[in-house]
Amino acid sequence: MLAEGETLTDFVESSIREKVGRRRIHEEFVARGLRSLGEARTTGQYVDADVVLANLERKLEVARSRLAKKLK
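One point on numbering: in my numbering, the residue at position 34 of the sequence shown is 34, and numbering is uninterrupted.
No lab work stands behind these hints: they were computed from the structure. Please note: incorrect hints may appear among the correct ones.
Here are the simulated DSBU-like cross-link-like pairs (lysine-lysine), alpha carbons at most 30 Å apart as the crow flies [to be verified]: (1) 59 x 69; (2) 72 x 59; (3) 70 x 59; (4) 59 x 19.
So the derived label-pair ranges between C-beta atoms look like this [as the list claims (entries may be wrong)]: (5) 46 x 23: 49 to 59 Å; (6) 20 x 66: 24 to 34 Å; (7) 36 x 7: 14 to 24 Å; (8) 6 x 57: 27 to 37 Å; (9) 44 x 72: 20 to 30 Å; (10) 31 x 4: 21 to 31 Å; (11) 15 x 71: 32 to 42 Å; (12) 13 x 48: 25 to 35 Å; (13) 48 x 2: 28 to 38 Å; (14) 5 x 32: 34 to 44 Å.
Here the structure is a predicted model, which means the values were calculated and not measured. Even glycine gets a Cβ: it sits at the ideal position worked out from N, Cα and C.
Based on the provided sequences and hints, a complete structural model is requested.
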């Protein structure tokens, strides 16, 4: 559905730009992951999955706490 005053050309152009942006972000993400994997294989230094998950859980708890404070 087009927004008021939006042309089909505007819509298509915007959609393509957004898709290109998402694709670039995805490609950069994959490249970082592959570099990290290569470095881990080279150095033999890996981070245990439990450590990664624990760090992510802590970050999530902090974010939830901040959001709860904002909503009060």
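Outcome of the hint check:
1. For the given pair, residue 59 sits about 16 Å from residue 69 by alpha-carbon distance, which is consistent with the 30 Å threshold.
2. In summary, the hint linking residue 72 to residue 59 is supported, as the alpha carbons are separated by about 20 Å, within the 30 Å threshold.
3. With a C-alpha separation of about 17 Å, the suggested pairing of residue 70 with residue 59 holds against the 30 Å cut-off.
4. As the CA atoms of residue 59 and residue 19 are separated by approximately 29 Å, the hinted pair is consistent with the 30 Å bound.
5. Checking the proposed 49 to 59 Å range against residue 46 and residue 23 shows it is violated: the Cβ atoms sit about 29 Å from each other.
6. Distance hint check for residue 20 and residue 66: the Cβ-Cβ separation is about 32 Å, which falls inside the suggested range of 24 to 34 Å.
7. Judged by the Cβ atoms, the range 14 to 24 Å given for residue 36 and residue 7 is violated: they are separated by roughly 43 Å.
8. The hint said 27 to 37 Å for the Cβ distance between residue 6 and residue 57, and at roughly 42 Å that hint is violated.
9. Evaluation of the 20 to 30 Å hint for residue 44 and residue 72 yields a failure: the beta carbon distance comes to about 48 Å.
10. For the pair residue 31 and residue 4, the beta carbons lie near 40 Å from each other, so the given range of 21 to 31 Å is not met.
11. In this structure the hint that residue 15 and residue 71 lie 32 to 42 Å apart at CB holds, the actual value being about 33 Å.
12. Taking the beta carbon of each, residue 13 and residue 48 are about 46 Å apart, not inside 25 to 35 Å as hinted.
13. For residue 48 and residue 2, the Cβ-Cβ distance of about 50 Å falls outside the hinted range of 28 to 38 Å, so the restraint is violated.
14. Between residue 5 and residue 32, the C-beta spacing of about 39 Å keeps the proposed range 34 to 44 Å intact.
Violated hints for the displayed structure, listed by number in ascending order: 5, 7, 8, 9, 10, 12, 13.
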